[in-house]
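Hey, can you piece these two chains together into the complex? The hints should help.
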Amino acid sequence: MDPLLRIVDLHKSFGSLEVLTGVSTDVARGEKLSIIGPSGSGKTTLLRCINYLEKPTSGHIYIDDKLIGEKQVDGKFVHLSDRELAEERAEIGFVFQRFNLFPHLSALDNVTVAPRRALGVPKAEADARAMAMLEKVGLAHKADEFPERLSGGQQQRVAIARVLAMQPKLLLFDEATSALDPELIGEVLKVMRELADEGRTMVIVTHEIQFAAEVSDRVIFMDGGNIVEEGSPGEILKNANHERTRTFLSQIIER
Amino acid sequence: MGEFLTKLWQWSPEVLPVLWFATGMTVVVTVGALIVALILGLLIALMRISRVRWIRWIALIYTDVLRGTPALVQLFIIYFGLSDLGIEFDPVTAAIVGLGINGAAYVGEIYRAGIEAIHKGQMEASLSLGMTPIKAMRFIILPQAVRIMLPPLCNYAILLVKDTAIISTIAAPEIMFEARRLVQATFMHSVSGQIYLMCAFFYLALTLPLSHIAKRLEQAKERWQ
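As you go down the protein sequences, you meet chains L and R in turn. Just add 307 to wherever you are in the first sequence, counting from 1, and you've got our numbering. Just add 311 to wherever you are in the second sequence, counting from 1, and you've got our numbering.
Chain R with its partners taken away, still in its complex shape (with noise of 0.2 angstroms):
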């Protein structure tokens, strides 16, 4: 134990910088996949509750495909398997569109259970007082909504954090990319442990404060209810 210790400390001025510019990406990753999610999410909600079944049924095959097929099987679709069709994209922003496109179905599923947790006279006050259904939503439902939907999606975020160590695969130069690069430079093979230990500290850094943020919505929700 001291040993390890010992080359923890030796070894730290040499990884954590490298881990430190690696986080900056995994936060762009993070920030630009949750942007996409939280976008194309709300278009799969509102399809998901659209009056017109087949606009239903995509908005529900979406959804079923993207949560039962793991994240990484879709990375290697979209990265790999479009460049055989020509698609080519950088790691980055494979990693952006392939996680964004992943998280719009949980996001989408968040959306939805939002806006049918308001009560169903809300829409109808809305509709009575001569509102279109469009503005109903933007004025009257969404706003409450979006009280209902903060705590989850802050979940998804912390989730988001941590899946992004998967773009590795694909070569994004994020954290869990860095660390692996370090450990495979042949000197540090019998620091790995300590090198994956630092790792899993700048994921911490991230998802803790997000952590702190739920926990701080779901109690302000709770005081609105």
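The shape of chain L in the complex, shown without the other chains (with noise of 0.2 angstroms):
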């Protein structure tokens, strides 16, 4: 079967520094991923230019077949508008390490926000479908709490409902419980679990090691810009062929 998400050579510079230098790799669908690295190894950039935050400097993304923030026009890649972007981006459902939710908007509304504004669902539809999203990360009764009375798991929950509402078709985690107290990682991770269970595609660059051992069917880890080495999380996590890996595992569990 075809993959869900191709990446194809994939390079990025912010000037002269060269943060990925021609990542490959294919997602299957409802396939579960983990990234794991060290901080500038280049996963999170690896995660944004999945969607388009962050443009390429060059390779190409797929999803489902389809260029992402990008077409053919005459054997050449041109840029999509601004609308064709919008239209990939909302199958791609992206969960922020800091939340980034609407403060200005209640719960439901931070939901049910681009189902609207986006897709044009009508009010009471995208209204009942936001408050299953919330129900399902246990949050329906903090349906008209605005973000700063909610503590940060709780934001993160809301992030996640927010991104399902939009029913994507992959999602994208960047360290979805590094900004949370450690009290408040366990109710995250066990939202992130259900999803999982549910066979949804994922893409997960995570710290959590115990976490991406039992959720992932692949754990890749990312170093310098690119791959050094994937497999199945016990040979990755157990049986690492390189000592880079081994190094920043015994790192990691030391901790």
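Because the hints were derived from the structure by calculation, they are not lab data. From a predicted model like this one, the values you see are computed outputs, not experimental measurements. Keep in mind that a hint or two might mislead.
List of simulated lysine-lysine pairs, BS3-like, C-alpha gap at most 30 angstroms [to be verified]:
| no. | chain 1 | residue 1 | chain 2 | residue 2 |
| --- | --- | --- | --- | --- |
| 1 | L | Lys476 | L | Lys362 |
| 2 | L | Lys497 | L | Lys545 |
| 3 | R | Lys526 | L | Lys497 |
| 4 | L | Lys362 | L | Lys373 |
| 5 | L | Lys443 | L | Lys430 |
| 6 | R | Lys532 | R | Lys318 |
| 7 | L | Lys378 | R | Lys431 |
| 8 | L | Lys362 | L | Lys383 |
| 9 | R | Lys431 | L | Lys430 |
| 10 | R | Lys431 | L | Lys443 |
| 11 | L | Lys373 | L | Lys383 |
| 12 | L | Lys476 | R | Lys431 |
| 13 | R | Lys473 | R | Lys532 |
| 14 | R | Lys431 | L | Lys373 |
| 15 | R | Lys526 | R | Lys431 |
| 16 | R | Lys473 | L | Lys362 |
| 17 | L | Lys378 | L | Lys497 |
| 18 | L | Lys497 | L | Lys476 |
| 19 | R | Lys318 | R | Lys431 |
| 20 | R | Lys473 | R | Lys526 |
| 21 | L | Lys362 | L | Lys378 |
The following block contains the structure:
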């Protein structure tokens, strides 16, 4: 079967600093892929390139064999218009490290704003769908609260509900628990685990090695802007081939 | 001092009604110029943050030129200069257009500062959810930025009320123009001090409520943050 996500020879530079040095990988439909690696290894940039929050310097992204962020005109690659890009992004859910909830909107309106404004879903339908999503993350009773009245864990769960309301094909998690107090991490991981059990396609950048081991079908270790090695959680986390991977993992586990 | 106050009291029935009606014109010009500045200023602010370099440049030049030259000079260019080119404005229209164009440079900066104060994660989240940049601006960024912009906009309105005094130079019949007209009527020379004092009172009557609103907005903003 064709992969859902294909990343082909992706390069990204910020000025003279090359952050991604030609990353290629495929993600199958329903696959759970975790990306681990030291900070500065390029894993967050890779994730941000997948929905074109960062424009790759070169290389291509495909979802369902459709180019992301660009199209081919007379054999040449050209960037999409704002509207075309927005339509593609609507199918890719992105969960941020710092939640990025909209502080001027209630939890419910945070979840309905994109379906209503981007997809044109009528208010009643968007509200019903949003309540169902808040229910799913265990926060239906907080629908009318504003983000500042919610804990970090609750904010991140609302952010996940907000992404789910768009019914995306692919879910991207950018260190979704890194900004949380330790006692709040569990509730977010629980929601993520449930999503994984539903068979959704997920790419998870994380420092939660234990979680990655339990949930993932495959783990990628990145360093220096590229994939150092990849394999099943057992292979990577217990029997890594590369010294760099073993060093990183021992540092993480000692913490 | 006693004589000064006596004269003030004596002449106020003559002067106050004139200034009262002129205050109406000051309000019309202020509101008109404010509307022009608020709309044109938004355009300038959006141009300032455009991805296209030459659009940013135009907005930057506009801002620098309009802030770097006296409003009085700009007003004269619009009123006298354009009439040489066959574009004639009546004084009130020229005043509204002139002060509005001038104000857009200041208001544009207030908008820009407000928009840039919103964390970039807000735009990223909006885009990642499938909104276009324009929708993100309209539904996510501007509603938050407005709360930051309101106190400085209110302060700008206070400055604008006072700046309308310069349009007396092109014979727009507002407070300062009427005050000067009264003084120049020969028999009132001796009470010019009293007349300008009453003139100041009318300006103050317009600006004090605005100052109060600005303070309240400032406090509200601190509560939000």
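* Asked: R:Lys473 and R:Lys526: Cα distance at most 30 angstroms?
  -> With a Cα-Cα distance of about 18 angstroms, the restraint between R:Lys473 and R:Lys526 holds, given a limit of 30 angstroms.
* **Holds or violated: L:Lys497 to L:Lys476, with C-alpha atoms at most 30 angstroms apart** => 20 angstroms, holds
* Asked: Holds or violated: R:Lys431 with L:Lys430, Cα cutoff 30 angstroms?
  -> This hinted pair holds, its Cα atoms lying about 27 angstroms apart.
* Asked: Are the Cα atoms of L:Lys378 and R:Lys431 separated by 30 angstroms or less?
  -> At roughly 27 angstroms apart (the allowed maximum being 30 angstroms), R:Lys431 and L:Lys378 satisfy the hint.
* To do: Sort out whether L:Lys497 lies within 30 angstroms of L:Lys378, counting only the CA atoms.
  => Violated, at about 38 angstroms.
* Asked: L:Lys362 and L:Lys373: Cα distance at most 30 angstroms?
  -> 16 angstroms, holds
* Quick one, are R:Lys526 and L:Lys497 close enough, alpha carbons at most 30 angstroms? -> Given that 30 angstroms is the threshold and the Cα spacing comes to 46 angstroms, the pair is violated.
* Does R:Lys431 pair with L:Lys373 here, judged by a C-alpha cut-off of 30 angstroms? -> 28 angstroms, holds
* Asked: Are R:Lys532 and R:Lys318 close enough, with their CA atoms no more than 30 angstroms apart?
  -> At roughly 46 angstroms apart (the allowed maximum being 30 angstroms), R:Lys318 and R:Lys532 break the hint.
* To do: Decide if the proposed pair is consistent with the structure: L:Lys373 and L:Lys383, CA atoms, cutoff 30 angstroms inclusive.
  => Cα-Cα ~15 angstroms, so holds.
* Assess, step by step, whether the Cα of L:Lys362 is no farther than 30 angstroms from the Cα of L:Lys383, and give holds or violated. => 17 angstroms, holds
* Hint consistency between R:Lys473 and R:Lys532 [alpha-carbon to alpha-carbon, up to 30 angstroms] -> Distance of about 25 angstroms is within 30 angstroms: holds.
Hint violations for this structure: numbers 3, 6, 16, 17 and 19, all remaining hints satisfied.
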